[in-house]
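Knowing the structure of chain A, use the given hints to seat chain B on it.
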Amino acid sequence: AQKVTQTQTSISVMEKTTVTMDCVYETQDSSYFLFWYKQTASGEIVFLIRQDSYKKENATVGHYSLNFQKPKSSIGLIITATQIEDSAVYFCAMREGGDSNYQLIWGSGTKLIIKP
Amino acid sequence: NSKVIQTPRYLVKGQGQKAKMRCIPEKGHPVVFWYQQNKNNEFKFLINFQNQEVLQQIDMTEKRFSAECPSNSPCSLEIQSSEAGDSALYLCASSLPGQNTEVFFGKGTRLTVV
Numbered sequence: 026a027q028k029v030t031q032t033q034t035s036i037s038v039m040e041k042t043t044v045t046m047d048c049v050y051e052t053q054d055s056s057y058f059l060f061w062y063k064q065t066a067s068g069e070i071v072f073l074i075r076q077d078s079y080k081k082e083n084a085t086v087g088h089y090s091l092n093f094q095k096p097k098s099s100i101g102l103i104i105t106a107t108q109i110e111d112s113a114v115y116f117c118a119m120r121e122g123g124d125s126n127y128q129l130i131w132g133s134g135t136k137l138i139i140k141p
Numbered sequence: 267n268s269k270v271i272q273t274p275r276y277l278v279k280g281q282g283q284k285a286k287m288r289c290i291p292e293k294g295h296p297v298v299f300w301y302q303q304n305k306n307n308e309f310k311f312l313i314n315f316q317n318q319e320v321l322q323q324i325d326m327t328e329k330r331f332s333a334e335c336p337s338n339s340p341c342s343l344e345i346q347s348s349e350a351g352d353s354a355l356y357l358c359a360s361s362l363p364g365q366n367t368e369v370f371f372g373k374g375t376r377l378t379v380v
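First to last, the protein sequences are chains A and B. Mapping of the first sequence onto this note's numbering: residues 26 to 141, in sequence order. Mapping of the second sequence onto this note's numbering: residues 267 to 380, in sequence order.
Okay, chain A solo, but in the shape it has when bound:
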């Protein structure tokens, strides 16, 4: 069965520091894709970064990077030099390569609070 778990419900850090948000997933598929999204206070959901299961290199986009630990089925999101506007709820999601219906399996989200 497919499942995505985010155990951290809320994290609070000081501005300009680095934060890591955890996500573990379960899948029987050998090929899968992992996504991170952010939902702002207004409700807007924005795509941040993607990791393909067959790639060994951790994806990086701007001040977002991933810590992909395949043996642990873990895909952590790292935000460096955090800014106040990074305050949001962050969601991890997974799509299996064998799913022709393109379903995304979502985690429950982690609320990130950046303090000035």
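Quick caveat, the hints were computed from the structure, so don't treat them as lab data. Model, not experiment: these values are computed from the prediction. A hint or two may mislead.
[Claimed, not checked] Calculated pairs, DSS-like style, for lysine-lysine (alpha carbon to alpha carbon, straight line, at most 30 Å):
no.: 1; chain 1: B; residue 1: Lys310; chain 2: A; residue 2: Lys136
no.: 2; chain 1: B; residue 1: Lys310; chain 2: A; residue 2: Lys97
no.: 3; chain 1: B; residue 1: Lys329; chain 2: A; residue 2: Lys28
no.: 4; chain 1: A; residue 1: Lys95; chain 2: B; residue 2: Lys310
no.: 5; chain 1: A; residue 1: Lys136; chain 2: B; residue 2: Lys373
no.: 6; chain 1: B; residue 1: Lys373; chain 2: A; residue 2: Lys28
no.: 7; chain 1: A; residue 1: Lys140; chain 2: B; residue 2: Lys305
[Claimed, not checked] Derived coverage of chain A by chain B (criterion: at least 3 residues anywhere in the stretch with Cβ under 8 Å from a Cβ of chain B; other residues may be distant):
no.: 8; segment: 32-42
no.: 9; segment: 63-69
no.: 10; segment: 72-78
no.: 11; segment: 131-140
From the three backbone atoms N, C-alpha and C, an ideal C-beta is built for every residue, glycine too.
Chain B only, in chain A's frame:
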């Protein structure tokens, strides 16, 4: 910025009333999703389409919920007889076909059933 357009942003209905919301997917995106997000931020998949064809839908959608994505018209999600438990943020998203493609969301329709 996402180019998925959802209308209306807010919708207030009485119990038993119909509630209809619309979505224009990003140009060139044939895959459209509808999700319901509750107050606990949980995403509940409702239905998705590729072009005008339903790919997958949940049982709840088959009863009071109906959705369509006609060609050359906005996609729509309609609740035939609204219930208090339907109060939620309804999110439309679109993507290119493919398992590795990102999904882009609209700003949502917040439905309140009073």
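Given the hint that lysine 95(A) pairs with lysine 310(B), does the C-alpha gap stay at or below 30 Å? holds (27 Å)
Run the distance test for lysine 329(B) versus lysine 28(A): straight-line Cα separation, threshold 30 Å. holds (26 Å)
Below or equal to 30 Å on CA atoms is what counts here, so check lysine 136(A) against lysine 373(B). holds (19 Å)
Check the hint pairing lysine 310(B) with lysine 136(A) against an upper bound of 30 Å on the C-alpha distance. Holds - the C-alpha atoms of lysine 136(A) and lysine 310(B) are around 19 Å apart, at most 30 Å.
Verdict on chain B covering the segment 32-42 of chain A, where coverage means 3 or more residues with a C-beta closer than 8 Å: violated (count 0)
For the pair we were handed, lysine 310(B) and lysine 97(A), check the Cα-Cα distance against 30 Å. holds (26 Å)
Between the segment 131-140 of chain A and chain B, are there enough contacts, at least three residues with CB-CB distance under 8 Å, for the coverage claim to hold? holds (count 3)
8 Å C-beta test of the segment 63-69 of chain A against chain B, three or more residues: Coverage by chain B holds here, the residue count being 4 at a Cβ distance below 8 Å.
Has the segment 72-78 of chain A got at least three residues whose CB is nearer than 8 Å to a CB belonging to chain B? holds (count 3)
With a cut-off of 30 Å on the C-alpha distance, tell me whether lysine 140(A) and lysine 305(B) pass. With Cα atoms ~24 Å apart, lysine 140(A) and lysine 305(B) stay inside 30 Å; holds.
Between lysine 373(B) and lysine 28(A), is the straight-line Cα distance small enough, at 30 Å or below? Distance of about 26 Å is within 30 Å: holds.
Of the numbered hints listed earlier, the single one contradicted by the structure is hint 8.
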